[in-house]
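There are 2 protein chains.
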Amino acid sequence: MPIGVFDSGVGGLTVMREIMRQLPEENILYLGDTARVPYGTRSPETVVKYSVENTEFLMSRGIKLLVVACNTSSSVSLDILKDKFPVPVIGVVEPGARAAVANTRLKKVAVIGTETTIKSGSYEKAIKALDGSIKVSGVACPLFVPLIEEGWLEGEVVTLTAEKYLEPLKHNGADTLVLGCTHYPMIKGVIERVAKIPLIDSAIETAKEVRRALGAADMLRQDSTDGVKEFFVTDATEKFVRTGERFFGHRIINISKISLP
Amino acid sequence: MPIGVFDSGVGGLTVMREIMRQLPEENILYLGDTARVPYGTRSPETVVKYSVENTEFLMSRGIKLLVVACNTSSSVSLDILKDKFPVPVIGVVEPGARAAVANTRLKKVAVIGTETTIKSGSYEKAIKALDGSIKVSGVACPLFVPLIEEGWLEGEVVTLTAEKYLEPLKHNGADTLVLGCTHYPMIKGVIERVAKIPLIDSAIETAKEVRRALGAADMLRQDSTDGVKEFFVTDATEKFVRTGERFFGHRIINISKISLP
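Going line by line, the protein sequences match chains F and U.
Residue numbers for the first sequence follow my numbering, so the first one is -11 and each next one is one higher.
Residue numbers for the second sequence follow my numbering, so the first one is -11 and each next one is one higher.
The shape of chain F in the complex, shown without the other chains (with noise of 0.2 Å):
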């Protein structure tokens, strides 16, 4: 059986990119919710109601573990996810918090994402469940998703952007930043340059509590050949491909339209 991966559209491919270079025999199912993105400046209901609907969907079509690649929906679903479905869910937000843990030295970390993942607090309450002590400050940076959407990757306006966005946090004294959103690594480098601190990137974590969740429930695929990779969209397949391969890394095909809910 696949492991099912969502997000809201493109961004959950930096995750699945990394499930699949750690594990590059499981067979993976992928949908982008593409006709209801963006999802960060959704309210709370809202994200709850298309996480559910995203994840019956990957349910319908048998899946053994499910990642939540998308950290509004990790940030305000993720417990309504593990009581409602009979798989091991896994989202984005505590395999972040425990790298950033992990690498703050001065205790103060700094997290960027949507409006909705910053506003829900989820980052600051997975940081402090393992360190009471660490300071946590969040930005919100709504444009960094339609920039990167927009291929707008380098140069004045993104770097404009960003300088407006993380000023705040220049004078904060954190020593880490977590990208809370998986579009972000897209433009680590302009984020890099402006911040100055190491960023932390959850995709690499997450897929390595994919492969431990799998390994400890003895459900990994055991077959050396390379898996079948699956993509469904809600919107049409053309701009997916097109914005998704940059994110992916690699050719998209076998993908079809659904309708949902």
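Just so you know, these hints were derived from the structure itself, not from any lab.
There's no promise every hint is true.
Copies of the same chain look alike in the list, so a pair counts if it works inside one copy or between any two.
[What the hints assert, rightly or not] Keeping only pairs whose Cα atoms sit at most 25 Å apart, straight-line, the calculated SDA-like set for lysine to any residue is:
{"#": "1", "residue 1": "Lys95", "residue 2": "Leu202"}
{"#": "2", "residue 1": "Lys227", "residue 2": "Gly109"}
{"#": "3", "residue 1": "Lys72", "residue 2": "Pro249"}
{"#": "4", "residue 1": "Lys96", "residue 2": "Lys227"}
{"#": "5", "residue 1": "Lys107", "residue 2": "Arg230"}
{"#": "6", "residue 1": "Lys217", "residue 2": "Ser121"}
{"#": "7", "residue 1": "Lys107", "residue 2": "Arg234"}
{"#": "8", "residue 1": "Lys227", "residue 2": "Val127"}
{"#": "9", "residue 1": "Lys217", "residue 2": "Ile192"}
Starting from the known structure of chain F, arrange chain U on it as the hints suggest.
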């Protein structure tokens, strides 16, 4: 019976504002489909589906005329809505096209809008139907909507973004620029300074068309008291009120959240 107005979000409030100015006594229902905004980056099929669902909701409340206050939806779904529903349907594309034709001396018109509006070629079709000798060029500006919704209405980022998008229009001899998106009047000043040619704002023309259509059908409200305004959104109301009041220029009260479809 009220006039029904819908848009994907807050943009159509610039149209409603103008209808209110010209026809203060009319009752108006406004629906902002904020759970599924933006429409401009979605496929035509998805935009048609959402537009039909929006109209069904407004029809269920009883309306005498429908205003599609969204350029993307007007561009791809107007004919379908006219066929499907038994009330007069007015979009924002034709009124804007008419004003552009009246304004151009050099017979060269430029249009800016969302990706789906520009790809649809709707303005070109509407302008050429009025005067086949006019040349029309279009440029999609996908970042304007998120910039405006973020409230970055002036300053370096929006100016640089406008310069980047409008660059091709500066050398093609157009003497008239149509704002083919109801959000864009919010950054009129920036666009005007960069483009250096007169702008057409469809809101005023669309409101005139509403008055004409209601007058011709003898459906104008015969009462000198101010009409009742009611708002519906498909996601959280607070954000709509916060952003929307800037577009609307009035307070937004009497608002409810609904679910679609």
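Status of the hints after comparison with the structure:
1. Lys95 / Leu202: neither (32 Å within a copy, 66 Å between copies)
2. Lys227 / Gly109: between (32 Å within a copy, 18 Å between copies)
3. Lys72 / Pro249: both (17 Å within a copy, 24 Å between copies)
4. Lys96 / Lys227: Neither way: Lys96 and Lys227 sit 39 Å apart in one copy and 30 Å across, limit 25 Å.
5. Lys107 / Arg230: For Lys107 and Arg230, only the inter-copy Cα distance (16 Å) is at most 25 Å; the intra-copy one is 31 Å.
6. Lys217 / Ser121: neither (42 Å within a copy, 51 Å between copies)
7. Lys107 / Arg234: Close across copies (23 Å), not inside one copy (29 Å); limit 25 Å.
8. Lys227 / Val127: Result: close only across copies, 18 Å inter versus 29 Å intra.
9. Lys217 / Ile192: within (19 Å within a copy, 51 Å between copies)
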